[in-house]
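A.B. asks: Residue numbers (our numbering), protein chains in the order written: chain Z, 210 to 704; chain P, 62 to 155.
Source of the hints: derived by calculation from the structure; they are not laboratory data. The structure displayed is predicted, hence computed values, not measured ones. Watch out, some of these pointers could steer you wrong.
What the hints assert, rightly or not - On the chain P side, residues computed to face chain Z include the following (Cβ under 10 angstroms):
(1) A110
(2) C112
(3) N114
(4) A115
(5) P123
(6) W126
(7) D127
(8) M139
(9) P140
(10) D143
(11) R145
(12) A154
Even glycine gets a Cβ: it sits at the ideal position worked out from N, Cα and C.
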Amino acid sequence: MLAIALTLIAAPRFGIAEDGGDTRVLVQFRQEIETLKGSEAAERRRVAQDEKHIQELENQLKLLETQNQKFGKTASTLEINETKLSSDTEQRFQDLQNQVAAKNSQPDFQSEMNRYLGTHQLTIAGAAAGAFIYDKQTAQNTFSLEFEPLFLYRLNDWILFEGTIQASLPPGSGASFALPVGTAQIFLNDYLEVNAGIFDEPFGDWYEDQSPLWVNRFITAPLLYGAEPLVPPTDIGVQLRGSVQWGALGQDVDYTTWIANGPSYDPAVPQPVVGQTLNPENNIAVNTNGRAFGGRFRFYPFPLDSGLGRLEVGASTYDGKWLDSNWLYSWGLSAAYLYKDLQARAEYVESYRQMPNGSAPDNRQGWYVQAGYFLQHLPSTHISDELDDTLRRLELLIRYSGVNQRAIVADEITTTPAIGFSGSPSIFSPHAREVALGIDYWIEPSIVWQTEFDLELPRRGGSLVTFNGAGTPKSNPINATANDKALLTQLSIGF
Amino acid sequence: MRMRWGFTIVFVMVMAAIRPVSAIASEEQGKEQRELFVTGAKLWPVYCAQCHNARPGSQFSPAQWDAITMHMRTQSNMPAKDMRAIKEFLKQAR
Numbered sequence: 210m211l212a213i214a215l216t217l218i219a220a221p222r223f224g225i226a227e228d229g230g231d232t233r234v235l236v237q238f239r240q241e242i243e244t245l246k247g248s249e250a251a252e253r254r255r256v257a258q259d260e261k262h263i264q265e266l267e268n269q270l271k272l273l274e275t276q277n278q279k280f281g282k283t284a285s286t287l288e289i290n291e292t293k294l295s296s297d298t299e300q301r302f303q304d305l306q307n308q309v310a311a312k313n314s315q316p317d318f319q320s321e322m323n324r325y326l327g328t329h330q331l332t333i334a335g336a337a338a339g340a341f342i343y344d345k346q347t348a349q350n351t352f353s354l355e356f357e358p359l360f361l362y363r364l365n366d367w368i369l370f371e372g373t374i375q376a377s378l379p380p381g382s383g384a385s386f387a388l389p390v391g392t393a394q395i396f397l398n399d400y401l402e403v404n405a406g407i408f409d410e411p412f413g414d415w416y417e418d419q420s421p422l423w424v425n426r427f428i429t430a431p432l433l434y435g436a437e438p439l440v441p442p443t444d445i446g447v448q449l450r451g452s453v454q455w456g457a458l459g460q461d462v463d464y465t466t467w468i469a470n471g472p473s474y475d476p477a478v479p480q481p482v483v484g485q486t487l488n489p490e491n492n493i494a495v496n497t498n499g500r501a502f503g504g505r506f507r508f509y510p511f512p513l514d515s516g517l518g519r520l521e522v523g524a525s526t527y528d529g530k531w532l533d534s535n536w537l538y539s540w541g542l543s544a545a546y547l548y549k550d551l552q553a554r555a556e557y558v559e560s561y562r563q564m565p566n567g568s569a570p571d572n573r574q575g576w577y578v579q580a581g582y583f584l585q586h587l588p589s590t591h592i593s594d595e596l597d598d599t600l601r602r603l604e605l606l607i608r609y610s611g612v613n614q615r616a617i618v619a620d621e622i623t624t625t626p627a628i629g630f631s632g633s634p635s636i637f638s639p640h641a642r643e644v645a646l647g648i649d650y651w652i653e654p655s656i657v658w659q660t661e662f663d664l665e666l667p668r669r670g671g672s673l674v675t676f677n678g679a680g681t682p683k684s685n686p687i688n689a690t691a692n693d694k695a696l697l698t699q700l701s702i703g704f
Numbered sequence: 062m063r064m065r066w067g068f069t070i071v072f073v074m075v076m077a078a079i080r081p082v083s084a085i086a087s088e089e090q091g092k093e094q095r096e097l098f099v100t101g102a103k104l105w106p107v108y109c110a111q112c113h114n115a116r117p118g119s120q121f122s123p124a125q126w127d128a129i130t131m132h133m134r135t136q137s138n139m140p141a142k143d144m145r146a147i148k149e150f151l152k153q154a155r
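Make a model of the complete structure from these sequences and hints.
C.D. replies: Here is the structure:
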């Protein structure tokens, strides 16, 4: 552009020199040149402005890029923080959840409670009963009371100590106390337990399972386990016991074997005689006695889901030297059946006691059969709800029991009523028989008001052995003791 | 705003993830107890009632049931596993 301008400037000078009439043209050229110069300057200014604007834009762009980089870094940082935060939150939630599950679950709550209560736990259960007893033959009627707390001291999952104190009120004195049970129960595994101490004789079902006050459907015991028992009620020794399921659920077998101090007889009788009563326990076995050995085996044939009910059949044996080389042999069979509202049980026991000096053996037999029917599913009478409720708490009962023994010792006959005993002298008959009718009103599953009517119907007589303060017994034949009736009512509480 | 949404999403995801995990763990822990409970519920009215009325679990505390069921295992001579089931039932059905 500059070259063109110089050319244009130079060209008119040569023209003027050559032709003075073209002055206007030169002026016009000069004006055009000036115009061009002005345009060039304007153009330069615009370019400069454009360059400046471009520079500004570049600066802004750089600034934006810088800011963008900053934002990018910030976003990345935030993303990292967010990831970390979510991870931390998840971990915290997990920890909290674990803590909640650990702290608030019921087993752990129970564990906390157990820790609070301590690992050694003393539990008191047991039973109490108050009774009114009337016997026609003796014309006696009296209230009677018995209290049997059961102390359970649980050391851990496999050791339990048990003690039962029996407090009663005999006539004419303060309370009397006994310790019928005091054992250490050691559970070695699921199939073997050691039970050592003074225990209910695990013979048949009565002593162990049916004798507690509120468990016995009747007030009295069946004759063979009552005033003239055929095997001792308790013994001191060691048991091994256990059970196993042999088939489906409900099909079990259980076993109990034991060695104990063995049988002994009423020491108040000057010399051994037939019909002598067994001691309730043999606290100290003297040299003249040998240990007793016992075994019981029970079998449960029906599966729980069979709908056939629960049947138990069992066999027991108890043998021991009671004096020198003289043994008491005994064996028994037992059965129990539960089907819906019906419960029934039966036992038969025989004992054979060798007598010294060539005397005839002291043989005895005893049995009982009982049944009960709970009216809890009785249809409505449509009279009143109260009546329906009352009737449905009732259980109707009947029991027949008997004992055969050749003789009765006159000095051992007692007619003093007590809990579980009507005081009827007819029970001390050589061939005693008893029909017991009962109605139980269940206030709670372990609280029952029981009423029992006993018919004592001795079958025939035998011998009556008397000492009358002498050392030598006299034996006289006697007829059957007279029939008798007794009425008992009792409130039993299992706690 | 973005942070708030992020927290919300994370919270929902965490809760959704934690709940099934804890439920599964709880189920595994409680499976044996539930089986024992069901078995105990079947055994309780039969085994106990064979000798006496079956007493409800509410009558004693869990600690007391620990001792009483040991005592009853001896008295009844029932299999240990059955007594464990009855004990679980009595403790839970309170």
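A.B. asks: For each hint given before, does the structure comply? Return the numbers of the non-compliant ones in rising order.
C.D. replies: 12
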